[in-house]
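2 protein chains.
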Amino acid sequence: MRWLQFSVNNKIQSGYLVGEQVHVIQGDFLDEWQDTGETYPLSAVKIEIPIIPRTFYAAGFNYAIHVAEIAKAMGEKPVLPTSADIGYRANNALIAHDEDVIIPADATEQVQYEGEIVMVIGKKVKNVSPSEALDCIFGYTIGNDVSERTWQKTDRTFFRCKNTDTFKPMGPWIETDFDIDQAITTIRVNGKQEIQFATKDMIFSFADFLSRASKYITFYPGDVMWMGTEGTSPNLVHNDVVEIEISGLGVLRNRFLKEGQ
Amino acid sequence: MRWLQFSVNNKIQSGYLVGEQVHVIQGDFLDEWQDTGETYPLSAVKIEIPIIPRTFYAAGFNYAIHVAEIAKAMGEKPVLPTSADIGYRANNALIAHDEDVIIPADATEQVQYEGEIVMVIGKKVKNVSPSEALDCIFGYTIGNDVSERTWQKTDRTFFRCKNTDTFKPMGPWIETDFDIDQAITTIRVNGKQEIQFATKDMIFSFADFLSRASKYITFYPGDVMWMGTEGTSPNLVHNDVVEIEISGLGVLRNRFLKEGQ
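From first to last, the protein sequence lines stand for chains A and B.
Take 1 as the starting number for the first sequence in UniProt numbering and just add one per residue.
Take 1 as the starting number for the second sequence in UniProt numbering and just add one per residue.
I should point out that these hints are in silico values taken from the structure, not numbers from a laboratory.
The model shown is predicted, which means the values in this text are computed figures rather than measured ones.
Any given hint could be a false lead.
Where chains are identical, the list cannot tell them apart; a pair therefore holds if satisfied intra-copy or between any two copies.
Stated by the list, open to error - Below, in silico cross-link-like pairs of lysine-lysine (DSS-like), each with a Cα-Cα straight-line distance of 27 angstroms or less:
{"hint": "1", "residue 1": "123", "residue 2": "192"}
{"hint": "2", "residue 1": "46", "residue 2": "126"}
{"hint": "3", "residue 1": "77", "residue 2": "153"}
{"hint": "4", "residue 1": "126", "residue 2": "258"}
{"hint": "5", "residue 1": "72", "residue 2": "153"}
{"hint": "6", "residue 1": "11", "residue 2": "124"}
{"hint": "7", "residue 1": "126", "residue 2": "153"}
{"hint": "8", "residue 1": "46", "residue 2": "124"}
{"hint": "9", "residue 1": "258", "residue 2": "215"}
{"hint": "10", "residue 1": "126", "residue 2": "215"}
{"hint": "11", "residue 1": "126", "residue 2": "11"}
{"hint": "12", "residue 1": "192", "residue 2": "11"}
Based on the sequences and whatever the hints tell you, model everything.
So this is what it looks like as structure tokens:
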């Protein structure tokens, strides 16, 4: 099932997709909901951020080639993570599918995409074993962990390199029926394929992160976890369009605009 | 004015304090609200977390002696921060005044307090100047940024050293009339004073953090920013009671319990 949030005449509503038709619901798709009987063609609605996370988790370095390439860019030695330590991103930075990433005027040219699969938590859990961990997942969506590499190198925190407003596109919807073992992530800039990788080729899996973190942390319905990216990105410039496709999930597409251009 | 959230018979409500009386309101004290006319004696209610932040910001290293002492504990050279780069904490870890901090069974003996003043944002702002920054502050409360120093040293992120469930006591209420220039922070363990410092003696002020971050980040009503601590803490053990008093705000008190003891 594909859950989405959308707006018509600026009113945000929830619904699910059947083919190209949006079926409008009342209530919370993570909890209790009812069909309203109303439908819209998908082409007639504006797609919104599919969920505002309760807590916004991010795996960070979780694909081997990416770890090596980022270390090179930072002037550091690559070190593969030895345990599934989860980090954070911030909700202010979220935008929806087809909304624009705004590169601040004072950013350097090193603005890059990171195409990621996103896990949406559906159940409150603590202390889950790896084998039970996947039971708490409601569904999956796509994220672009946009990064300014110069700030990532110079700043003490990720507040602007990763969390500048508009730097976290997420969507277009949440898919509940998804087989990660079959999934391929493909990233395109202006229609040209930059990289393709097996989505499952992570250093630590969903189950690794959930079971390790939940020894200490209670996860709640509506938390999201972004699972990291593979490879590197070219530097993105004004008017570039980035598409992240994960087979079985869909395509997240966003244009990059440089402030003041 | 002192705003609080409290419960009676497990029902969480909002109100304000006049002397020792809680005046119950309907609505959101950051937005629209009305008096219900109902009151309770403060002693008859359970104090709850005063606000669940929209985004939970933390200044980190923001008092000079603390920077030096933590560097020593981490086996690193002390480096004073050169810009007001803001970090993050996570809502799962919040508890209220008088609730217990639970130290996980596998934590080392290096569990410590950090007593901090907390700023609560009341207005949506972007790109504020230092001179206008304070206008977006709704009020102030107290936080204890409980930290497990061994995990802080060994882990790649702060997910468990700072964000283990119960590691972020906050409260007891939000005070809107507060003069930081007059305020003194006093920290006591089991009634014995450990440290006392002028709350305002920060490396970067509220205005510094807000104006720098808001060049990139939109702040929203309900965001909180924890402003860092001074000095260091003894290692806390089972049954220790930590009180953080900030003059003009009140006292945040929490007992520490070791899991399995």
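Going through the hints against the structure:
no. : hint        : verdict
1   : 123 <-> 192 : neither (39 angstroms within a copy, 42 angstroms between copies)
2   : 46 <-> 126  : between (36 angstroms within a copy, 25 angstroms between copies)
3   : 77 <-> 153  : both (13 angstroms within a copy, 19 angstroms between copies)
4   : 126 <-> 258 : between (42 angstroms within a copy, 18 angstroms between copies)
5   : 72 <-> 153  : both (11 angstroms within a copy, 24 angstroms between copies)
6   : 11 <-> 124  : between (29 angstroms within a copy, 20 angstroms between copies)
7   : 126 <-> 153 : between (34 angstroms within a copy, 24 angstroms between copies)
8   : 46 <-> 124  : between (31 angstroms within a copy, 24 angstroms between copies)
9   : 258 <-> 215 : between (42 angstroms within a copy, 15 angstroms between copies)
10  : 126 <-> 215 : within (6 angstroms within a copy, 37 angstroms between copies)
11  : 126 <-> 11  : between (36 angstroms within a copy, 24 angstroms between copies)
12  : 192 <-> 11  : neither (35 angstroms within a copy, 56 angstroms between copies)
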